[in-house]
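Here's the letter readout for the chains.
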Amino acid sequence: MSGGVDSSTVAAMLRAEGNNVIGLTMQLWNQRRLAGSHGMPEAVHGRCCSLDDVYDARRVAETLGIPYYVVNQESRFEHDVVRPFVEEYLSGRTPIPCSLCNNHLKFDQLILTARQIGADLLATGHYARVEHDPDSGRWLLKRPVDRAKDQTYFLFGLTQEQLSRTLFPLGEMTKPEVRELAKQHKLALAEKPDSQEICFVPNGDYKSFIDAYLEEQGEALPDTSGELVTSSGDVIGEHSGVHNFTVGQRKGLGVATGSPLYVIQIRGDKREVVVGSGEDLMSKTLTAKRLNWISISELTEPVRVTAKIRHRHEPAAATVEPAGGDQALVTFDQPQRAVTPGQAVVFYQDDVVVGGGWIG
Amino acid sequence: MRRAYLDNNATTPVLPEVLVAMQPFFLEEFGNASSIHHHGQHTRAAIEHARENVAQLLGARSSEIVFTSGGTEADNLALFGLAQPGDHVITSTIEHHAVLNACKRLEQIGCEVTYVSVDGQGIVDPDEVHRALRPNTKLISIMAANNETGVVQRIADIGTVAAEADAYFHTDAVQAAGKVPIDVAAWKCDLLSISGHKIHAPQGIGALYVRKGTLLQPLFYGGRHERSRRAGTENVPGIVGLGKAAEIALNGFSDGSVARISELRDRIETFVTETIELVGVNSGMASRVPNTTNIYFDCIEGEAMVIALDLKGIAVSTGAACSSGAIEPSHVLTAMGLSGDRARASIRFSLGKQNTKEDVDLLLGILPEVVGRLRELSPVYNRRTVVGR
Chain A
1 MSGGVDSSTV AAMLRAEGNN VIGLTMQLWN QRRLAGSHGM PEAVHGRCCS LDDVYDARRV
61 AETLGIPYYV VNQESRFEHD VVRPFVEEYL SGRTPIPCSL CNNHLKFDQL ILTARQIGAD
121 LLATGHYARV EHDPDSGRWL LKRPVDRAKD QTYFLFGLTQ EQLSRTLFPL GEMTKPEVRE
181 LAKQHKLALA EKPDSQEICF VPNGDYKSFI DAYLEEQGEA LPDTSGELVT SSGDVIGEHS
241 GVHNFTVGQR KGLGVATGSP LYVIQIRGDK REVVVGSGED LMSKTLTAKR LNWISISELT
301 EPVRVTAKIR HRHEPAAATV EPAGGDQALV TFDQPQRAVT PGQAVVFYQD DVVVGGGWIG
Chain B
1001 MRRAYLDNNA TTPVLPEVLV AMQPFFLEEF GNASSIHHHG QHTRAAIEHA RENVAQLLGA
1061 RSSEIVFTSG GTEADNLALF GLAQPGDHVI TSTIEHHAVL NACKRLEQIG CEVTYVSVDG
1121 QGIVDPDEVH RALRPNTKLI SIMAANNETG VVQRIADIGT VAAEADAYFH TDAVQAAGKV
1181 PIDVAAWKCD LLSISGHKIH APQGIGALYV RKGTLLQPLF YGGRHERSRR AGTENVPGIV
1241 GLGKAAEIAL NGFSDGSVAR ISELRDRIET FVTETIELVG VNSGMASRVP NTTNIYFDCI
1301 EGEAMVIALD LKGIAVSTGA ACSSGAIEPS HVLTAMGLSG DRARASIRFS LGKQNTKEDV
1361 DLLLGILPEV VGRLRELSPV YNRRTVVGR
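First to last, the protein sequences are chains A and B.
At position 226 of the first sequence the residue is numbered 226 (my numbering), and the sequence of numbers has no breaks.
At position 145 of the second sequence the residue is numbered 1145 (my numbering), and the sequence of numbers has no breaks.
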């Protein structure tokens, strides 16, 4: 329970159905740690793990009459989510901490805690559906009814074991329906706004976060500055550090040319930021690594899918085929814009998540 | 569900006799003790009677007792009442946050603070306190009994160190009161804090013993209550409750109730160490208050164990809760040198006067199963088993 509308409504729904419900909130990050340093804001309310949110979650649990506990996962969160987030940026990739949090915290440690305290299943407020397919014997992850809220992109790493112990009660509902239900259950937070940003990064300002975090750790920000080059290898300028760039970025390149320039590649090892035209930004293929399969047990032959390469990307028709080791080659029917290393590629067949991997 | 409350170092239920003593002071005896009329006189008499009872529990004179809102205020009054910028203060690494965080604040306002460490049993060595002395040492503050382990410190020896150095000596006796006899003269302390709700009085009342002649800077400014040491209209029902609880606590040393609690505690320790593998009593070799046992169950997460036990009706605790309610690793156990894993695997069981053998048996009936399930699902335990084979 995050203290938001979605997980609170889930608790209310399950309670109303007569289930024996236990509320759990994960304390993941202490917002006060970096408050006030290096351009980080002082005010801490209204973000993940803030006392306000824990207060809201606790009030919901009281209203519903369910036991409620806060479990401290700060050290695991830092080790499994925050550190990799910082390191990915510093090596020129664009990370998705939400997927790491789902894989390592919510559906790993939290399921373990739930089982340890005697619970059978973990229910969350994610917008997704989980179903058991009697034909294949596999647990399926499916897109939710409310496509605008679809969170399956962040859930592609769930194992069969994890899915078998998971409930997504909101998968059949739209967000307005969820808010209406929250009102019917007299949950005071029915009108609370949705959270959008990465929970531990205030105002989406990841650069200030990285500065403040490294300073707190007593580590110097590594020098990742280098040259701006074109795809043909011409040096056209210098840049302040690879972590300040992401593929597809147009602003802030510090060079003026006649036609619009975009970041088309970041070569972390050479500290090079490669720029090019809008056309150079298009890719027909990508390599996916560290794969997880959901509707199939393994990829043995080329499979037709739609593939989604970032959270706000409309899945595009593609063929995915084995590429040796723990890798797959994805070939799109039409070139896609800004394929970004560090992001996930998730494969769908209609509503069903086939699997996914990390863009290498 | 039958429930057993075994977290009496967090707080204790108000005893029925204490409630009865307090009740008239809500409706009938409502006067302000500073008023000169009949109503004021009655509450004044009740406050002074309570003060005598508290003084008796501590071996002090009643004029040396200052009522406060609780243990935290008593600790703060002692520390901020004496230490001035430029002074040196000695405390320990295992103090309650009421002292530790007050000391951090003292450092911010220009005091020097030395935090003496403890040994593997959680004991402060008086010689180490002696070695920490400086010419400007104004105050030594070392707790009488630790809230997490129950370890009773060598307070009289530390009092001697302070007296010889001509430094003030404060002891936080919140977890000692009612559990071990207190004698401020024998302990050679100048200030001593107690809290009502740890000895079956209500929350929101406490007291600071201040040796006659000790000049304290008050925390609050207002009327001349408590001999100008603590301004603010007295919490009369709370004070009356604390007085009654102090009387009952003192009787506990002779009427067998402390001994009975000690037997229940030993029952837990004997059962756990004899029937469950990979456990041990933290500070088991030290002199401890009779109601507390802190036990590590290797390869479990104490946090999950507290939740699992609560869902079965058993209230216990681990470490200290932070502001969100999440559990932080115990600064006391880590100061004793326990590994982070073992500190997180440690559970505190603390008994009170209301606890019965049935409460303890309820715990002991559930504990092996709960520990078993936690270990069955523990990656650490399973790795260990594989290696063991």
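Hints are computed from structural coordinates only; laboratory data are not their basis.
Some clues are possibly wrong.
To be verified - Example chain A residues on the side facing chain B (calculated, C-beta under 10 Å, incomplete):
hint : residue
1    : Leu64
2    : Val71
3    : Asn72
4    : Glu74
5    : Ser75
6    : Lys186
7    : Ala190
Note that the structure is predicted; figures quoted are calculated from it, not measured.
In this text, a Cβ means the ideal position worked out from N, Cα and C, and glycines have one as well.
Outcome of the hint check:
Contact between Leu64(A) and chain B, as hinted, is not supported at the beta carbon level, the nearest pair being about 16 Å apart and thus beyond 10 Å. At a threshold of 10 Å, the smallest CB-CB gap from Val71(A) to chain B is about 6 Å, leaving the interface hint in force. A hinted interface residue such as Asn72(A) counts as satisfied when its beta carbon comes closer than 10 Å to some beta carbon of chain B; here the least separation is about 4 Å, so the hint holds. At about 8 Å, the closest approach between the beta carbon of Glu74(A) and any beta carbon in chain B falls short of 10 Å, and the interface hint on this residue holds.
Hint status for Ser75(A): holds, given a least beta-carbon distance of 9 Å to chain B, under 10 Å. For Lys186(A), the interface hint is violated, the least distance from its beta-carbon to any beta-carbon of chain B being 23 Å, above 10 Å. Nearest Cβ of chain B to the Cβ of Ala190(A): about 23 Å, over the 10 Å cut. The hint is violated.
Taken one by one, the earlier hints fail for this structure at numbers 1, 6 and 7, listed in ascending order.
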